[in-house]
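Following the hints, put chain D in place on chain L, whose structure we already have.
Protein chains: 2
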Amino acid sequence: MSNIYDDDTFFKAYSNMSRSKGGLTAAGEWHQLQRLFPNLKNKRVLDLGCGYGWHCKYAIETGADSVLGIDGSSKMIETAKRINQDGQIEYRVCNIEEYDYPNNQFDLVISNLVLHYIANLKEVYQNVYKTLKTGGLFLFNIEHPCFTAGINEDWIYDSNGKALYWAIDNYFYSGERKTNFLDKEVIKQHHTLTQILNSLLQCGFEIKAIEEAMPPENMRELPEMENEMRRPMMLLIKAQKTAGV
Amino acid sequence: MSNIYDDDTFFKAYSNMSRSKGGLTAAGEWHQLQRLFPNLKNKRVLDLGCGYGWHCKYAIETGADSVLGIDGSSKMIETAKRINQDGQIEYRVCNIEEYDYPNNQFDLVISNLVLHYIANLKEVYQNVYKTLKTGGLFLFNIEHPCFTAGINEDWIYDSNGKALYWAIDNYFYSGERKTNFLDKEVIKQHHTLTQILNSLLQCGFEIKAIEEAMPPENMRELPEMENEMRRPMMLLIKAQKTAGV
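As you go down the protein sequences, you meet chains L and D in turn.
Per my numbering, the first sequence runs over residues 12 to 256.
Per my numbering, the second sequence runs over residues 12 to 256.
It should be emphasised that the hints constitute simulated quantities derived from the structure, not laboratory data.
For clarity, every value in this text was computed on a predicted model and none was experimentally measured.
Take these hints with a grain of salt, some might be off.
Where chains are identical, the list cannot tell them apart; a pair therefore holds if satisfied intra-copy or between any two copies.
Stated by the list, open to error - Lysine-lysine pairs mimicking DSS-like chemistry, simulated, CA-CA at most 30 Å apart:
no. : residue 1 : residue 2
1   : K133      : K219
2   : K219      : K173
3   : K219      : K141
4   : K92       : K32
5   : K92       : K199
6   : K23       : K52
7   : K23       : K86
The following block holds chain L by itself, in its conformation from the complex (with noise of 0.2 Å):
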């Protein structure tokens, strides 16, 4: 298994970004995210692609009685373990696709800015689906198909180095984009809007919120928010397994 989290350039260039550095605080998009979370009290948490563990602390911190953070890297869940230990949360390193979901166990899983890496969008909710127990939320936030849509995932820029607009293409015809992410070619999965959303509906989800992330006011002054307000980032989404299997 091969993880450009696990190659040690890119780890360092990821490590120094402030939401790295900063938590959950310096996540633009955390007010919106935050808002959505449920009571957590007594409740039992997965995090798909946990990274650093903050929303797995986060959990435990507002109540939680458990939370398994899985993550595809093992530099990842090293520096979990270090910074976001907790004797309620379990650390494993395990890739989305290939954690064996165990039926009915979870009331909340969480998924923060990692299933633009999954190709196949709807394996995975099928698995959350069945992990969730009735009632359960699948709350997560992915790139939005306009972002992962745009060229190069990037500004098309003057020659001054201005960014001139966002230009997205081949919108429909969904899978790998080849982007530079931290200095290094990183591979997303575009999904379109139609697979992001109306898969969740076909798998048996109950769409109860849908926002895009935009910048609170008093961070668009911060220079890389500069251009946030220009075109959508994230979309976050928060769905209920209002059935049983």
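Below, chain D without anything else, positioned relative to chain L:
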């Protein structure tokens, strides 16, 4: 009341579009929209922005008891009365914002390619919710937010007139967009995906289907379909009033 569709030149150009002349089957999205229709046997239908009345006629032909089609353009209503007349269809010149929505009256409300002219989408949602019976459906087709956020709702062209890509900007600044449609300046309203979908949930609807219109394979070779796989243009949504007002 001024309505662009009551402008003689514009209306003539509109009348010459293949989707105007050919009716439902000439519209690239019809194969998808049609599948989203419920069984209409003995049902009451309201069509918001009925245009030529193609959908009204279809509803009657597939079993509906009665249809009310409203449209702000008197030219549209005149044409509908001429080409899609039926004893069970009432056509009325009336704006979507001005119609006096009766409580719990309709089993289905449809709206095809009209809501992107409406500034206050949520008010329409609230009215539709009110006017639907419990269990009733709201089926609509609205221009996709990627499309309405497109600069001039047009491609960026190279010097040879070839469409390079679809450029979006100012996505989160929703509201008025000046576009060119059939050689006239037409004002449309850009709504973000959050505004289109999350507002439905906030108004009490349950979302049953979300599909982006994609030309069927047998239409992709048509000259006007050349670029239709490159960016999404329309969003088809089916929502249900699952509980009472």
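(request) Could you place K23 and K52 in one of the four classes (within, between, both, neither) given a Cα distance threshold of 30 Å? (result) neither (35 Å within a copy, 63 Å between copies)
(message) Please sort K133 with K219 into within, between, both or neither, judging by C-alpha distance up to 30 Å.
(response) both (18 Å within a copy, 17 Å between copies)
(message) For K219 and K173, with the copy left unspecified, which applies at a CA distance of at most 30 Å: within, between, both, or neither?
(response) This pair counts as neither: shortest intra-copy Cα distance 38 Å, inter-copy 42 Å.
(message) If the cut is 30 Å between Cα atoms, do K92 and K32 qualify within a copy, between copies, both or neither?
(response) within (15 Å within a copy, 66 Å between copies)
(message) At most 30 Å between CA atoms: does that hold for K219 and K141 within a copy, between copies, both, or neither?
(response) both (18 Å within a copy, 20 Å between copies)
(message) As a check of your reading, is K92 near K199 (CA-CA no more than 30 Å) within one copy, between copies, both or neither?
(response) within (26 Å within a copy, 52 Å between copies)
(request) At 30 Å max between alpha carbons, let me know whether K23 reaches K86 within a copy, between copies, both or neither. (result) For K23 and K86, the Cα distance is within 30 Å only inside one copy (10 Å; across copies 65 Å).
The structure is inconsistent with the numbered hints 2, 6, although it conforms to all the rest.
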